[in-house]
Amino acid sequence: MTTQNSKTSNEPYRELKESRGSELNGNEQNAGRYNGTFEDNVDRSIELSSIVVIPDDTFTVIQAINELGFGKFQVKLSLFTGLCWMVDSMEITILSILSPSLHCDWGISRYQQALTTTVVFLGMMLSSTFWSNLSDRYGRKQALTLCAVLLFYYAFLSAFAPNFLWILLLRGLVGFAIGCVPQSVTLYAEFLPAKQRAKCVILLDCFWALGACLEVAIALIIMPNFGWRWLLTLSAIPLLIFASITPWLPESAIFDMTTGRMDKALSTLERIARENKKPLPLGRLIMDRFYQTNRGRFTDVLSKEMCKTSTLLWLVW
Numbered sequence: 000m001t002t003q004n005s006k007t008s009n010e011p012y013r014e015l016k017e018s019r020g021s022e023l024n025g026n027e028q029n030a031g032r033y034n035g036t037f038e039d040n041v042d043r044s045i046e047l048s049s050i051v052v053i054p055d056d057t058f059t060v061i062q063a064i065n066e067l068g069f070g071k072f073q074v075k076l077s078l079f080t081g082l083c084w085m086v087d088s089m090e091i092t093i094l095s096i097l098s099p100s101l102h103c104d105w106g107i108s109r110y111q112q113a114l115t116t117t118v119v120f121l122g123m124m125l126s127s128t129f130w131s132n133l134s135d136r137y138g139r140k141q142a143l144t145l146c147a148v149l150l151f152y153y154a155f156l157s158a159f160a161p162n163f164l165w166i167l168l169l170r171g172l173v174g175f176a177i178g179c180v181p182q183s184v185t186l187y188a189e190f191l192p193a194k195q196r197a198k199c200v201i202l203l204d205c206f207w208a209l210g211a212c213l214e215v216a217i218a219l220i221i222m223p224n225f226g227w228r229w230l231l232t233l234s235a236i237p238l239l240i241f242a243s244i245t246p247w248l249p250e251s252a253i254f255d256m257t258t259g260r261m262d263k264a265l266s267t268l269e270r271i272a273r274e275n276k277k278p279l280p281l282g283r284l285i286m287d288r289f290y291q292t293n294r295g296r297f298t299d300v301l302s303k304e305m306c307k308t309s310t311l312l313w314l315v316w
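The numbering of the sequence shown is numbering that gives the first Met the number 0, which starts it at 0 and goes up by one.
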């Protein structure tokens, strides 16, 4: 009786298997595949969970400068920039000594005395755009090197000027070279951390005052016995020192980044890290978003956003 009941109860299943057996086999295979895929995914997730993923950190030049802080590198750069301001101050101060001396030796008029001073400032005014374009195209280091060589050359030749016209020409060329001196402050500020930047730039005025005092002291010693030619000669010695130091100068890391020389920018940052004895930030060096499209042009100074600021700064200077 029991055997007969079991056969009766299994009969519908046998009929279903005979009529739709292929579909049932397909479902069994799909279920097996799903179970296999699920097990594979579980195994892969377990493997990935055991791997330590290092994030791709990045940093910019400004972030690196701020993290490296103010150290030995900035101290040396401060002294160089200070020397640059000293020689600038000496060449400006010498004008108040040179004009009266030429009046005594050559008998030049008051108008010619004023012209001796004016021609220097005229050269500075005319050269400012030239030096800024040169710095943006070839770098601040290259511009300052050329400036130092020309400044020493023309200042030294001024001591051998045979007449008043030669003095005007050579002193005008001295003023032309002086027009690049502010680039040293720009280069200096780019390597200063944000916390010390304003303080350090303002302290450069101490070097300007020191240069003026030094020039007056030299004049008090030299002028009574040797005259203005020796004064110009001795005043050119700091210019020679300035020109000799310029090869040590680092190129602006921001300039290297904007011109696509990332390896040189990284090398400069590594040099700062070695001298300051601090490690560089971890990650890759990337360009700051602001400098990707803005390298600095003369028209930017007169743009709608900068026109007011530029005008006020010109009035202050």
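Keep in mind that the hints were calculated from the coordinates and are not lab data.
Everything numeric in this text was worked out from a predicted model, so none of it was measured.
Incorrect hints may appear among the rest.
Calculated pairs, DMTMM-like style, for lysine to aspartate or glutamate (alpha carbon to alpha carbon, straight line, at most 20 Å) [claimed, not checked]:
1. Lys198 x Glu66
2. Lys263 x Asp135
3. Lys71 x Glu304
4. Lys75 x Asp204
Verify the proposed pairing of Lys71 with Glu304, using a straight-line Cα cut of 20 Å. 37 Å, violated
Regarding the pair Lys198 and Glu66, is the alpha-carbon distance no greater than 20 Å? Roughly 18 Å between the alpha carbons, so the hint for Lys198 and Glu66 holds.
Between the alpha carbons of Lys75 and Asp204, is the straight-line distance 20 Å or under? 17 Å, holds
Hint consistency between Lys263 and Asp135 [alpha-carbon to alpha-carbon, up to 20 Å]: Answer holds: Lys263 to Asp135 is near 16 Å, not above 20 Å.
Hint compliance for this structure: hint 3 alone is broken.
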